[in-house]
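Chemist: Okay, here's what each chain looks like letter by letter:
Number of protein chains: 2
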Amino acid sequence: MTREKSKIRRQKGLIIVYTGEGKGKTTAAIGLAMRTAGWEKKIAIIQFIKGFKETGEWKLIKNIDQIDIYQTIESETAFIGKPEKKHEGGCKKAVLILRELITSGKHDVLILDEINNAIFYDLVEVGEIIKILKKRSAGQTVVFTGRNAAQEIIEIADLVTEMKKIKHPYDKGIQAKRGIDY
Amino acid sequence: MTREKSKIRRQKGLIIVYTGEGKGKTTAAIGLAMRTAGWEKKIAIIQFIKGFKETGEWKLIKNIDQIDIYQTIESETAFIGKPEKKHEGGCKKAVLILRELITSGKHDVLILDEINNAIFYDLVEVGEIIKILKKRSAGQTVVFTGRNAAQEIIEIADLVTEMKKIKHPYDKGIQAKRGIDY
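Chains as they are written, first to last, in our numbering: chain A, 633 to 814; chain B, 633 to 814.
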């Protein structure tokens, strides 16, 4: 390990939160994963709530060696309104995976996609997540995405961006577009 | 061309703006490029102002066939405060490339990285960009990134997200991190 590399490893990893009503949260997390992959580091993406594989990110990422991606439920769309039983089970599994990955320490960046909403809907216990994060190794960065980020997470975060909706194509009746929205 | 594919091509492409002081604008644009690439479409990224290649995105993207990336200046960092002569020349070249790519019509998504700032600092003329965009073929989506998005661009946009800074690691004295910030 070169001196420069060891210096980077010793830096404490960040806690990053992308939240808000605007578009670009998961998109930014994917961009960050790609940027990290460009430096030959390892990334894990755990998708909470989401269960669809017909997305551009899923298709691309499964061909990139440095990125591991996990889904724990089968679902065509995210839930609208109230979560269902399957989301509860899926989130339990997702937390188990997170715990395992943190213990293994092999990823430089862990992306917890839509976990903010999972916490908001009581599918995931925020205290449990914070406890797991405390065990992460130096240099491990963790990214939280989704609307309604918990105050407890914002408090421990180093970087928080609120994606604020100024204009949204759905407002004009334009539907979600393949390759843009998914 | 299948019927489904031809339907997608006929949809008008979006104009997307990621602006604001918060982190995640270029990151979201890279994520969008990756998502688009996952659907086997073609993307062009033109970097206005930026001239550095020692970034994760540059390293990764040059190995992805569907994404073409262009830089028009040599520079280690973005300018701070006032732009220099080289930024002026670089932006002129970037606009020429944009015009050529729009005419060729071969990209599904064009990302104009940091163009908002280039317009803000009078390095690029907003009226000229709008004129070029009018010639884009159906289905071509164009993404504008950078702080200080022009009102004229926001008006013609379909999707505008302001990345609002809630917390920023630089405020705590944490420096830019390889694989996270670049």
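Worth double-checking, as some hints may not be accurate.
As the list makes no split between identical chains, a pair holds if one copy fits it or if it spans any two.
[As the list claims (entries may be wrong)] Derived pair list, reagent style DSS-like, types lysine-lysine, alpha-carbon separation capped at 30 Å:
hint, residue 1, residue 2
1, Lys717, Lys804
2, Lys644, Lys796
3, Lys718, Lys644
4, Lys718, Lys799
5, Lys799, Lys674
6, Lys766, Lys804
7, Lys717, Lys644
8, Lys644, Lys714
9, Lys738, Lys714
10, Lys674, Lys714
11, Lys718, Lys804
12, Lys738, Lys725
13, Lys804, Lys724
14, Lys717, Lys799
15, Lys804, Lys694
16, Lys725, Lys804
17, Lys685, Lys644
The hints are simulated quantities; they were obtained by calculation from the structure and are not laboratory data.
Chemist: None of the hints should be skipped; say for each whether it holds.
Modeler: Hint by hint, here is what the structure shows:
1. Lys717 <-> Lys804: neither (33 Å within a copy, 41 Å between copies)
2. Lys644 <-> Lys796: For lysine 644 and lysine 796, both the intra-copy (28 Å) and inter-copy (24 Å) Cα distances are at most 30 Å.
3. Lys718 <-> Lys644: neither (35 Å within a copy, 37 Å between copies)
4. Lys718 <-> Lys799: Result: close neither inside a copy nor across copies, 33 Å intra and 34 Å inter.
5. Lys799 <-> Lys674: between (35 Å within a copy, 25 Å between copies)
6. Lys766 <-> Lys804: Classified as between: cross-chain Cα gap 19 Å, same-chain 44 Å, threshold 30 Å.
7. Lys717 <-> Lys644: For lysine 717 and lysine 644, neither the intra-copy (37 Å) nor the inter-copy (38 Å) Cα distance is at most 30 Å.
8. Lys644 <-> Lys714: Classified as neither; 37 Å inside a copy, 33 Å across copies.
9. Lys738 <-> Lys714: Answer is neither; intra-copy 35 Å and inter-copy 42 Å both fail.
10. Lys674 <-> Lys714: The answer is neither: 34 Å in one copy and 37 Å across copies each exceed 30 Å.
11. Lys718 <-> Lys804: neither (32 Å within a copy, 40 Å between copies)
12. Lys738 <-> Lys725: Only inside one copy: lysine 738 and lysine 725 sit 19 Å apart there, 43 Å across copies, limit 30 Å.
13. Lys804 <-> Lys724: So lysine 804 and lysine 724 fail the 30 Å test inside a copy (37 Å) and across (34 Å) alike.
14. Lys717 <-> Lys799: neither (33 Å within a copy, 35 Å between copies)
15. Lys804 <-> Lys694: Intra 34 Å, inter 36 Å, cutoff 30 Å: neither.
16. Lys725 <-> Lys804: neither (38 Å within a copy, 35 Å between copies)
17. Lys685 <-> Lys644: between (33 Å within a copy, 25 Å between copies)
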